[in-house]
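Student: Chains as they are written, first to last, in this note's numbering: chain A, 23 to 440; chain B, 69 to 157.
Quick caveat, the hints were computed from the structure, so don't treat them as lab data.
Among these hints, one or two may not hold up.
[What the hints assert, rightly or not] Heads up, simulated DSSO-like pairs for lysine-lysine below, C-alpha to C-alpha not over 30 Å straight-line:
#1 A:Lys-253 - B:Lys-151
#2 B:Lys-120 - A:Lys-253
#3 A:Lys-374 - B:Lys-148
#4 A:Lys-269 - B:Lys-73
#5 A:Lys-431 - B:Lys-136
#6 A:Lys-239 - A:Lys-52
#7 A:Lys-254 - B:Lys-100
#8 B:Lys-148 - A:Lys-431
#9 B:Lys-148 - A:Lys-239
#10 A:Lys-87 - A:Lys-374
#11 A:Lys-431 - B:Lys-151
#12 B:Lys-136 - A:Lys-81
#13 A:Lys-436 - B:Lys-94
#14 B:Lys-120 - B:Lys-94
#15 A:Lys-33 - A:Lys-176
#16 B:Lys-151 - A:Lys-87
#17 A:Lys-251 - B:Lys-136
#18 A:Lys-436 - B:Lys-115
#19 B:Lys-100 - B:Lys-148
#20 B:Lys-136 - A:Lys-269
#21 B:Lys-136 - B:Lys-120
#22 A:Lys-353 - A:Lys-81
#23 B:Lys-94 - A:Lys-269
#24 A:Lys-239 - A:Lys-33
#25 A:Lys-431 - A:Lys-374
#26 A:Lys-436 - B:Lys-73
#27 A:Lys-436 - B:Lys-151
#28 B:Lys-136 - B:Lys-100
#29 B:Lys-115 - A:Lys-374
#30 A:Lys-436 - B:Lys-136
Here's the letter readout for the chains.
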Amino acid sequence: MQKYSIFNLVKNAFSNHQNWDLAWKDPEPKEEYDVVIIGGGGHGLATAYYLAKEHNITKVAIIEKGWIGGGNVGRNTTIIRSNYMHDENGLFSEFGMDLWRKMSQDLNYNVMFSPRGIINLAHSDAQMNVYARRGNSMRLNGIDAVLLNREEVKEIIPMADFSENVRFPIFGGLMQPSAGTARHDAVAWGYARQADDMGVDIIQNCEVIGFDVSAGKINGIRTSRGNIKAKKVGLCVAGSTNILAEKLNMTLPIETHLLQACVSEPVKPVLDSVVTFGAGHFYISQSDKGEMVMGGDLDGYNSYAQRGNLPTLQHVLTEGIAMMPFLSKLKMLRTWGGIMDMSMDGSPIIDKTHIDGLYLNCGWCYGGFKATPASGWTFAHTIAQDRVHELNAGYSLNRFNTGHLIDEKGLGTKTWIS
Amino acid sequence: MLYIKCPHCGMRPQIEFSYGGDASVKRPELNKEISDQEWDDFVYNRKSLRGKHLELWQHISGCRQWIKIERDTATHEIFKTFKADEEVA
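Assemble the whole structure, with the sequences as input and the hints as a guide.
Tutor: Laid out in structure tokens, this is it:
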């Protein structure tokens, strides 16, 4: 594989960049693999990469119905953070932050990781207290957290509405300075390129239509391009998890819902951190192209549509304009939607299943993108060693049975009701 | 915007309604022995079908009645709406 470097860039300039290697191949599916990963999104590609890199398992295929990176890894708002209160979430995400910091070097691919900080705004004294508690929990887990007062927030985001007579005045906020954003497509492509180089087959336009399970053990999968034998199979299909679970006669604590995002027309640099509204559900950052990248609530009813509905968008943007009034002057450039695997406690599942050799990675709710490296790393470990790593031990499937829920937001079941 | 035909009030915009989830889920009967698995299936586990899905909605800014809707989760087509106690064929 050609390394991406300044020297190769100059060298290839002499041939008008016509002679670069393909970033990944387009192989025919083989008859048999050690591990088949279903889903060529960020998590699936990362899993294949860490299977090869950390566990030396390279007889691996990624099976993708569409094209790699076409689902949620290409549809998110690119936010990366580890500002969680619960140990399971905090330690897992902070492990991921470390992988994010090294990712561009590790993958030899510029993922444009930009640790610009995230601020969760508080709009009451009670909310400040809650944030102080969360910040302390974060610091106990080695995660950076700073509690900002109103004046300190104003210094960082002077364009927000700091007038006295607003419905939700800004009291302060909780900041994680090391959080930030990254170029989402580059993450998928970077993992794909390295995984391919280490021998992983990336098989696109190949739909899984069934599973070959006998005596409680997985033997392979049936696809639109023929049967593939596999010793182990990992599911990384986010919003399509329930569709595949049905083929396995499994019913999971997950519902598929639609989440929208949108960008404004590009404007000059105005916002250099990620900001979330504390009296509703709205988050915003500015992309390197200058677009304001925004998102918020789910559409609110089960959906596989991958496209959104305007009432929710209007509701979300109303919150945005309440927080930063200048947004009302901007034109909308694009809106889109992705289908989320909403788990019943708001936390993910990375675990073995009752079927020997079948592994499950799902339930990412609103926060799948930032988890990409840690999810891939721990899922690869779970598959390779046939046991969970301590980082994902809390993300078990049977926690809904034993009562060990990880209810970060205190919403209980059905996290889409908020 | 979805338009939902409330069986009590007629055709109304979706913003008058709030969503209540899968209507095919049945609470276990309390007068007999109930396993943890049955509770799990009631509280947490969902089929989340792609396609025809029977679901509860409440006409929260209208008559405030709970109703059942048969809707396609991929196309959002609404096939039929029912009163809460109406049998679904």
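Student: Look at each hint and say if it fits the structure.
Tutor: Status of the hints after comparison with the structure:
Pair hint A:Lys-253 plus B:Lys-151 does not hold up; C-alpha atoms about 49 Å apart against a cutoff of 30 Å. Taking the CA atoms of B:Lys-120 and A:Lys-253, the gap is about 35 Å. The hint is violated against a cut of 30 Å. This hinted pair does not check out: A:Lys-374 and B:Lys-148 have alpha carbons roughly 40 Å apart, beyond 30 Å. Taking the CA atoms of A:Lys-269 and B:Lys-73, the gap is near 33 Å; set against the 30 Å cutoff, the hint is violated.
A C-alpha spacing of about 29 Å is found between A:Lys-431 and B:Lys-136, which places the hinted pair at or below 30 Å, so the restraint holds. The hinted pair formed by A:Lys-239 and A:Lys-52 meets the criterion: a straight-line CA distance of about 21 Å does not exceed 30 Å. A hinted pair counts as satisfied when its Cα atoms are at most 30 Å apart, and A:Lys-254 with B:Lys-100 does not qualify at roughly 40 Å. Between B:Lys-148 and A:Lys-431 the CA atoms are separated by roughly 35 Å; this puts the pair beyond 30 Å, and the hint is violated.
A hinted pair counts as satisfied when its Cα atoms are at most 30 Å apart, and B:Lys-148 with A:Lys-239 does not qualify at roughly 41 Å. A threshold of 30 Å between alpha carbons decides the hint, and for A:Lys-87 with A:Lys-374 the separation of about 23 Å falls inside it, so the pair holds. For the proposed pair A:Lys-431 and B:Lys-151, the alpha carbon gap of about 34 Å is over 30 Å, so the pair is violated. Taken as a hint, the B:Lys-136 and A:Lys-81 pair is broken in the structure, with Cα atoms around 49 Å apart against an allowance of 30 Å.
At most 30 Å may separate the alpha-carbon atoms for a hinted pair to count; A:Lys-436 and B:Lys-94 meet this at roughly 16 Å. This hinted pair checks out: B:Lys-120 and B:Lys-94 have alpha carbons roughly 18 Å apart, not beyond 30 Å. Simply put, A:Lys-33 and A:Lys-176 have alpha-carbon atoms about 48 Å apart, too far for the 30 Å limit, and the pair is violated. With a CA separation close to 39 Å, the supplied pair B:Lys-151 and A:Lys-87 exceeds the 30 Å bound.
Only pairs whose Cα atoms come within 30 Å are accepted, and A:Lys-251 paired with B:Lys-136 is rejected, the gap being roughly 43 Å. For the proposed pair A:Lys-436 and B:Lys-115, the alpha carbon gap of about 14 Å is at most 30 Å, so the pair holds. Restraint check for B:Lys-100 and B:Lys-148: not satisfied, since their Cα atoms lie roughly 34 Å apart, outside the 30 Å limit. Distance hint between B:Lys-136 and A:Lys-269 is fulfilled; the C-alpha atoms sit about 27 Å from each other, no more than 30 Å.
Taking the CA atoms of B:Lys-136 and B:Lys-120, the gap is near 13 Å; set against the 30 Å cutoff, the hint holds. For a cut-off of 30 Å, the pair hint linking A:Lys-353 to A:Lys-81 is broken: about 49 Å separates their Cα positions. Restraint check for B:Lys-94 and A:Lys-269: satisfied, since their Cα atoms lie roughly 23 Å apart, inside the 30 Å limit. Under the criterion of a C-alpha separation no larger than 30 Å, the hint pairing A:Lys-239 with A:Lys-33 is inconsistent with the structure, at around 51 Å.
The straight-line distance between the Cα atoms of A:Lys-431 and A:Lys-374 is roughly 26 Å, inside the 30 Å bound, and the hint therefore holds. Simply put, A:Lys-436 and B:Lys-73 have alpha-carbon atoms about 25 Å apart, close enough for the 30 Å limit, and the pair holds. Restraint check for A:Lys-436 and B:Lys-151: satisfied, since their Cα atoms lie roughly 23 Å apart, inside the 30 Å limit. Restraint check for B:Lys-136 and B:Lys-100: satisfied, since their Cα atoms lie roughly 27 Å apart, inside the 30 Å limit.
Only pairs whose Cα atoms come within 30 Å are accepted, and B:Lys-115 paired with A:Lys-374 is accepted, the gap being roughly 20 Å. Taking the CA atoms of A:Lys-436 and B:Lys-136, the gap is near 18 Å; set against the 30 Å cutoff, the hint holds.
Checked against the numbered hints listed earlier, the structure breaks hints 1, 2, 3, 4, 7, 8, 9, 11, 12, 15, 16, 17, 19, 22 and 24; every other hint is satisfied.
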